[in-house]
Each structure stands twice: as C-alpha cells, then as structure tokens.
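J.: Keeping their order, the protein sequence lines are chains A and B. Count the first sequence with the UniProt record's numbering and you get residues 1 to 388, in order. Count the second sequence with the UniProt record's numbering and you get residues 1 to 388, in order.
All the pointers check out, no bait thrown in.
Here are the simulated lysine-lysine pairs, DSS-like style, with alpha carbons at most 25 Å apart: (1) LYS58/B x LYS31/B; (2) LYS226/A x LYS4/A; (3) LYS42/A x LYS268/B; (4) LYS42/B x LYS268/A; (5) LYS158/B x LYS302/B; (6) LYS58/B x LYS58/A; (7) LYS186/B x LYS14/B; (8) LYS4/A x LYS4/B.
Since the hints were derived computationally from the structure, they do not count as laboratory data. These figures come from a predicted structure and were not determined experimentally.
2 protein chains.
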Amino acid sequence: MTNKVCVLGAGSTKYGKLNESIIEIAMSAAKDAIESAGITPKEIQAGYISNVFGVADKQVHMAPVIMSNLGISHVPGLTIESACGSGSVMFREAYANVAAGFYDCVLALGVEKVTHTGTTQSTTLFSYCSDFFYEGGNGASFPGLFASMARAYMTTHKATEEDLAHVAVKNHENGVLNPKAHVRKKITVDDVLKSPVVASPLKLLDCCPFSDGASATILCSEDFAKKSGRPYVEIIGSGRGASPAAVQGREDITTIPSTVAAARAAYKMAGLTPKDIDFAEVHDCFTIAEIIDIEDLGFFPKGKAAHAVRDGATRLNGEIPINPSGGLKSKGHPIGATGVGQVVEVFDQFTGRAGERTVKDAEIALTHNFGATGASAAVHLFRKVDRK
Amino acid sequence: MTNKVCVLGAGSTKYGKLNESIIEIAMSAAKDAIESAGITPKEIQAGYISNVFGVADKQVHMAPVIMSNLGISHVPGLTIESACGSGSVMFREAYANVAAGFYDCVLALGVEKVTHTGTTQSTTLFSYCSDFFYEGGNGASFPGLFASMARAYMTTHKATEEDLAHVAVKNHENGVLNPKAHVRKKITVDDVLKSPVVASPLKLLDCCPFSDGASATILCSEDFAKKSGRPYVEIIGSGRGASPAAVQGREDITTIPSTVAAARAAYKMAGLTPKDIDFAEVHDCFTIAEIIDIEDLGFFPKGKAAHAVRDGATRLNGEIPINPSGGLKSKGHPIGATGVGQVVEVFDQFTGRAGERTVKDAEIALTHNFGATGASAAVHLFRKVDRK
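Looking at chain A on its own, in the form it has when it is part of the complex:
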C-alpha cells in the first residue's frame, strides 16, 4: 500500500551552547545532510522542520527561511511541534508523505535554541509542554514530574538511586566517543549520587542538559536512493502513540502508554519483535525515563531494566546497546532536534561514520522519542542496506 522510504543523508551540528542564530544552526545541519546524500538542494521537493520554541530566538515560520537560504525558495515546508518528541513526530510525517508517493525526496530537519534564555526561563518555557492547567501551572516542572515517576518505579520494583545512576554513567561513556555530544565527560556512579538534588530522587547528573542544536536527514523513495549509488538506510517501521497529557491521568506511572503503542505499531509494520533489534536510541531526558523506555519497548520485562543496566546489558558491547550516541543525557537535548538526531545516529552507525562507538554487526535499529512525560511518542525501525 505504501512505498519504501530510505534515509539517504544525515547531518548534525554539535549539540551544546551555540552562539549562532537558530537559522544559522539549522542551515549548518541542512548543508551537512544534503552533502552526505550527494544531492543538490534543487532535488528537495518539500521541507519538514521540527521546532518548539523558535519564539525564544525570534524566528518561527522557519521552513520558508531555511528553504530561501538553501536557494530553493519555491519549495514548500512546514514546522511540526510535539514538545520534546517533535523531531520523531515530524520525521514520521515526512516519512508518511514519501511513503504515500507525494514526494520523492524531502528534507526533515529539527532545530532548537534555548540556552541563551537561561536555565530558569528554559524551565518555564518547557513547562508549557506539560498539561499546563494541571501540571506546569501548579509548579510541576519536568524534573518534578519525572521524580514522581522515579519514586513510583523505585517503590514498585525495588530499584535504587544507584541503579538510575548507572544509566547516566553508561550514556556518558558513549557520549565521550561522540564528537558532536554536548557533555563529553566520563562520570562515575558516585559523581551522580553526589551531584546536587534537583527533584528527589533525581539529581543533577540524572538530568539531561538544555541544549542548542540541529539535526537533519534526507528522506527519499527507494528508487531515488538506489539511483543515487550512495549508502542509505531503509525505514522499515513507524508508529505513533499517545498518553493522557497529564501524568495524574494515568493508571500506572511506571510505564508510558504512548511508547508501548508506538512500539507495537512499528514492530507490527516491520514484522519484527524487540529481540530483532541490534541497538536503540531512546528518550533518556532523565535516567528514569531510559529505564521505563527499555521496558516499554520490550527489551526487558517490567521491573527488570534497572538491574539489567547495572549488569551492563545496555552498554556498547552489551546484549542490547542503548543510546550509543550518548543519548539525551550526554549527547544533549535540543528538543526540536532530538528525534532527528537519533536517526542521524542510526545513519552514522549503518554507513560507517560512527567511529569508536560503532555497534558491532548491527543491522536493525530502533529510535524512540517522546514529548513531555510521554504524552506523545513515535518509534521508528531501520534496516542497514548492504550495497555490494
């Protein structure tokens, strides 16, 4: 019913505190993606942008500006927002349009710039992504909401703060190997436990940073990819999901319904199970999120992920490497770009561009990205294409 869609090019800026304008940041990633695809901008038929707080850098309506700067001002575009899940939700929309045959080649680019507003203003802005009437408006910021989830998880499954810390340690271990990562610094469990409390039981090193950055991909039909003669990655599954917007509306806060639904849809589409996945980029805005994610995605039984992480199962050489890029925790979290950045990592892994953090013999990868406390989520599955 739908056509095969491929990722033909990918590029990211460094994630971190960037001084360029949001458009300059976006352009840098766009140009890298276009170059890596071996195409010219003229081959792009539509632009899909993901961004949440363009207002913070005084630029919304970004697609026309980006297209104009690429010299293709006649090419239509749009911006998609789904809080911290914007990148993957936008990627899915770009994918769907190519799959339906509306376009042969599109640019899918995520970008965010917030660090110049400072931590307090960024936290305030981000709280607008929650169900503000029930959550943000009553002082519940995301660290607080995830702290509730962490407490519930720890109580239900006898997990400890040390278990959570292992997620951060592992992701920093990977991030050190990623030249584009925001926080390239090895940390220990002790560092995490001794870092300042943000919202108990979460401490500073349980939290991902506020980051600026952009990531871009070129999506195209299989025909287009084959004709290019370039390396590419095939998209074999795509799913979206949703949860009650406010955490208080959920029956069980040790699981995220949108992740479960999105993963189920993506696995079904690809005819795969969690056991078929060789590595995954997942949404670890807080350490507890990664623990919950990898259970919801089916990699570990409910309540078992914390111990699996401690045992090294999710390390680069473990049974299911999670966040080889360093994840949101170390690579960084420019919220509009994050979901696209995960696809960039898959592209880099499958086309020999991941250097020392390459996952050995990987052929199938999963990306998982959600918005807010998981009110929205999307999961994508990718297959390495051998070009002999």
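Dock chain B against chain A, hints included.
T.: Just chain B now, with coordinates in the frame of chain A:
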C-alpha cells in the same frame, strides 16, 4: 492513486477577544465540529492542530491536551505551524494522511489566543513570522511590509487608496451577516480613508484585527462520509506553494509566488480553472492582500482586481463572491485558526448553515490562506455534495 476525502463536520468559536484559556477555546470548536459530523470522539483516529503562539497562553504540545479533554487520550496528534497560513497547511497535511489511507477520520483544528498580550506584544510576536534577520529584526512589521506591497501595486496599476478601501467595506458588509465575526460593523469608504494611518498607504481599517478563536473540521474518507448519512463536502483539489521568505528577495512584489503555485497545483488536481469557482475565502490580512490574491488566484487579470472590487464583482451577489464570511478583515484573524475557519465557511455554505450570507447556487468553492507576506501558502478546492 489517492482516496477521496470529505469534510463531514465543522465548527468555530466566535472570533474576537476571548477570555477562556486556549484549550477551552479549542475544545469549544472541537465539540461543535464533532457534533456537526454526528460522530463520537472515539471515531477520531488522529488529531491535527494548527497554532503559532501557544507560548503566549503557556500551552504548546496541545494535541495530547485536547485529545485527553475529548476522552481519547490514546489518539496521537501533532501541531503544525506555518505562521498565518498554519491552518491551511495543517489542513492539507490532515487531508494528505486521509487521502493516503493512513486514517479514515481525523480532527483538524486551528486555534490561537494572543489578544491578552496587547497590541504591541502581538505585533512583536507576529514579526517573528517574517524573515527576522532581514525584516522583523530591522523593524519591518507586517503592516510596513504590506504597505510596501500596496505602494508598489498602486504605482504599477494606477490603483488608489479608495480602491483598497472598497475591499474593507465589502468584507464588513459580509461580516455583519456572520454571527461568529470579530468586527460586525458596517463601514464606508470614507470611514476607511479617515481612519488612523498605520503604515501609509494602509490605515487602521485596511488592517485585519488581532483575534482569538478556534475552528475545527472533521475530515474522513468518502466511504466514512457516505455511511454517516450526513451532509458533507468533498475536497477536490489541494496545493501548496512557497515564496522567498523576505519580501526583498522577490522580483515583483505585486504578486505572491506561493499563491500562484498553490492555486496552479489545486486547479490541476481538480481539473478546474478559476472560472469554475463559485466563491472563495481568501487571505485578506490587509486590503491590498485581497487585491493581490484574487489576481494570483486567476479570478481577475493582473492589475484589474482593484477596479473589479470597486465595481462590486466580489460582493455576495457579484460574479465571484470573495470572503462571504467577512474574511480576516471582519470575521477576524486568529492566525492558527484562520485557514481552518475558511473551510468551516465552505462547509456552512454548502450544508445550509450560512444564513443570510449564503452564496446562491454555489457548488465549487476555493480557500486560500498564506503565512507572513506569503512565504507559504495553501489552496484547497471543495465541491458541494448533493444528498438526495
């Protein structure tokens, strides 16, 4: 290649200065659309939201909140932004997903709330929709940019300020008949000419107001519509277009390239020409915009629209009624909702809900909505479906 898509339900809040929260405004339109479609929320499979400045009312990531309030928190959604063209660009995306067979029934809802920020802050926020590096950042607000276009048009085509005023007079004449309109007040050419200068040659009554409001539609497959036994409208054409983001990048500022491209694509898809259109809702953020629009859409030869408007050709009983709803000028312009509101007007016209402003014997309608100074645009064509 693609399936037929229909509009089965539609609803709008009153446009104007509203005191409810942005979510309450959205919910009101959503419920009206759902009721008019004769469906229950459970039949909705996805939510497409359009909005630009949710930040101004402290709520982005609106789809999950709206879906949760509708009691369908498991239904995925997203927000699409394309400045003042957000509504139509979002509508096209919802349309494309149903046309591709991904969904049978979706909610397409636009909403905006800005009036509480005041005129100065609204003007500042809106300037972020321009190419801020070249335009907004140098003090060029939208009244100023459209004033340049007006001056160029008037010089090239020997049009007068009085000609422009006729657009406002006609749209207010229609808006008086629309109970949902923001400014329901009959005005004269003299009123317009004597109103305070905003950016010469544009005066206050050449400009549409800042409005709050929401408009919603239910889109579905033809099968779904037929089975419902309810009145519906068929979407027969859809096109998008883009222009250089900054006005200074355009060769001729008396035409908007995105409109021309979007219209061409929509006409081609429907196999129709401008002569087949019985009425149109077009983007009249300023009077000059409507003049340019109706030439770019092919209703009048270049340079002839101003005189045609003066001669009454675009009045409710004219040869091609333009903006029977009152348009942005009188009905109002809640920027995220505007493009959807145009579709609501078509639905109302074609299903006997337009009262005194009903266009006689109309069977084919066009909607046209753009972002900023026309950097992005979408055009849709609709056919009245007789249910005998």
